[in-house]
Amino acid sequence: MIIKDRSDLDSSLNDRTATVFILLGTADSKAGAVHSLMDSENWDDWELYYLIPDANTLLSPAELRDWFEGKTSGCYAVLGGKDIPKRVAAKGPVSDLLGANEKPDYFVILKKMLKGEQL
Amino acid sequence: MKTALSVVLVVFLLLAAGCVNGDKYLNARGVLDNSITYSESDTANQKHPLSRSADLPGKGATLQVPQPAQVDENSTFEIHIARENLGNKAANQEIAQQSKELLKRKQDVANALNLLAKVVAARQKTLQAYREKNFGQFYPAKDESARLETNLLDNLTAIWPRGTVEYVQLSDAYDRPKFEKLQALLSKQLAGIDETNGVIEKELDNHARALTLEAFLSSRDHEPVAVHLDGYDTLKEQSLIRIDRYGLDLSEDEQKKLDAHVQKNQEMVVALERLRTGEATLNQTVQQVQAMLAPGISQLLDEGERLQARLNQPKLTERARETRELFDAFIVQIRMRDGALTEGRSKQLTDERDSLLGTLIPESEQVAKAVSDCTKTAATFKQDWQNATPATVTAVIRQSVATVKSLRAVKLPEVYSDVEAKARETIEGYLHDIGAPERPALLQSDEARVLRSNLKEYYADFHDAAKLVENAAAALSSLQVNPVAEITASAASFQVPIDNIKDTFINLEATPGQQGDIITVKATLKEADDTVVDTAVAKFAVGRFGHYAELSPAVVLIKPEKLSGGDDGFRFAPVLSWMYHWFPRPENSSGAAAISRAVDPALGIHSAFTHFRPDGGGDAVQIGLGLTLSFWRNRLQFGAGYNLMAKTRSEGQIYYFVGSDLIGLLQTVGIVKQ
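The listed protein sequences derive, respectively, from chains A and B. The C-terminal residue of the first sequence carries number 959 in this note's numbering, and the numbering is unbroken. The C-terminal residue of the second sequence carries number 1128 in this note's numbering, and the numbering is unbroken.
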């Protein structure tokens, strides 16, 4: 889901069952491509993912620092665990989610998601 | 001084000659030569290696193959095969590597499938807990499910790494949450691996080699015969043919040979005595002896002339006319008895008659030519043999070898052992289209009986002609031992896959071999497509080693010590000695062994048959007993003995003789058949 406000994101972040996969970037960026691929795959109800085009507006500076090391696009973070606030299971540049052909790699993305589920 | 020098020289020559033990070896040429070794177990169950190794410059230790090695006639020789050397190592290693990789892949895919099943089960549990909002179960189930799925992904990406086509296919097939496509893909992969494994196994089969092992016994007077090798042929092992090493417990065959030997000796003594006393001329004696030595040739000539009288061109023309008439009479009989015979079938009977005659007559002409050639050959050989002198005898023998080869090449029609049955079968075949009710009466008719008898004569002539050619070849082949190249594979041998190869043996006591015979062992290694990879041939000469004794008939010149009122000079007489030998084994290189090998001495007792009588005395045979000393395998014999019939020394009580196992000697050079 491409989000422009925090309502869904907050709901997910406060859901003890959820694993939240956040991508920073526009729809036509690499992050957007990863998001598109995730859209085309089947996910469980507790596996949630979001594309945030305007991170500066939507995320607090603390969130940007803790989850994305201050960056506002071209990166991702996977948050999981039943405790609130959720903990970061994986984070890094979006390029980590791409294959050799610069296309999103489903298995890499899935493994990041599963990492979040194991928190 | 001169005498001493001569003695030293003679001893030196004997030692030098005796060091030649008769064993010959060739260096191993190929993988088979290097993988087969032979050893002999003698009567005392002692092992003697028959293969040996030698250090060759630049090559190191190399196995040497017997060509031939000598084996004792009462022994068993074992054939050991190092099968690990015979496989196609390079190809098998490559295939084994492929197979190993494939096995690992199969294990990985099977593991992934197992893991997938666990993932599916864990996910179902997680989903159920989630739907039921049973969070106490959900969190650990989700954790376990994620852990298992991560393992699955690691497993799959290890089999099909990133960047490969399979990785992309796998991504497409990864169909959470049901995983049906993934399961199908993995199952398909397993089936593919099994299929590839089948191809590899087939490839292994293609590289599977097999060994054929055959043994043949070559005797002087016989065609080579196949010898049983346990595990390598379907031949039956012969029953034990024990050879008494003390020469007294003779088999029926040995007894017959001895009787014939003694008989020939006596005949020769009579002929030689007639010469000595002036009753016959040298020419008469030579002819008598020659006729005695080659009776087989005379018999051959008689048989050849008998057959020629039946198989000359005018006779054949006459016989063809007669057979045609008998057929015509039979056809008339058929027409009379079979009312339903159509005109077409009637013509067919005539055509079949012509076809049968068209085969029989040319075959008869072919047989006639073979008989004529064979008889001419026998006549020429007889003539040459009678005119032979010591200087030409080897040329005559050589000529016989060439003649035998040409006789063996003679083409003859198919020969039937039961000529009566063949004639009956021909008539029955002729009536194949005649109705069942008429056939028995026709077969029993006079016309059928006469025709059958006529046809039988053709088949009988074919049979006799084949026998004539065979006998002629046998009579002339006394010097021949067929070379290995002429030995064809025994139909009874089979190919043994390398994995099933085992050591085997030849028991010479269950092999109809005699001293001087050659056992040839031929090994052939083949690929699965019958391509020959390598062959090996080893030969073994059958002999006698150690202690043994034998009866030895001989023709000797015997002389009474004193004979009052009569001739006390040398005269011919037959002697039968029982000689005790010790012949060293080939590996014995001592000086005594060398001398023994060179002169083959033997000591024994004898009985002599003579008639020392004063002039005008009777012809009654006198028997003497005494000692014999022989050399060169009884060829030269010296003896002295006591005449049991003489009362005083002046009546020839003590006698001496010198003689030879003349018949044995002639057999050795191939002049007299055994």
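Be careful, since some hints might not be right.
What the hints assert, rightly or not - A short list of chain B residues far from chain A (calculated; beta carbon distances all over 10 Å): (1) 580; (2) 581; (3) 596; (4) 607; (5) 616; (6) 617; (7) 629; (8) 957; (9) 1114.
What the hints assert, rightly or not - Simulated restraints, written as ranges between beta carbons of each label pair: (10) B:551 - A:923: 48 to 56 Å; (11) A:910 - B:561: 24 to 32 Å; (12) B:650 - A:902: 54 to 62 Å.
It is worth saying that the hints were derived from the structure and are not from the lab. All residues carry an ideal CB built from backbone N, CA and C; glycine is no exception.
So, going through the hints one by one against the coordinates:
no.	hint	result
1	580	violated (8 Å)
2	581	violated (7 Å)
3	596	violated (5 Å)
4	607	violated (5 Å)
5	616	violated (6 Å)
6	617	violated (5 Å)
7	629	violated (7 Å)
8	957	holds (58 Å)
9	1114	holds (99 Å)
10	B:551 - A:923: 48 to 56 Å	holds (53 Å)
11	A:910 - B:561: 24 to 32 Å	violated (47 Å)
12	B:650 - A:902: 54 to 62 Å	holds (57 Å)
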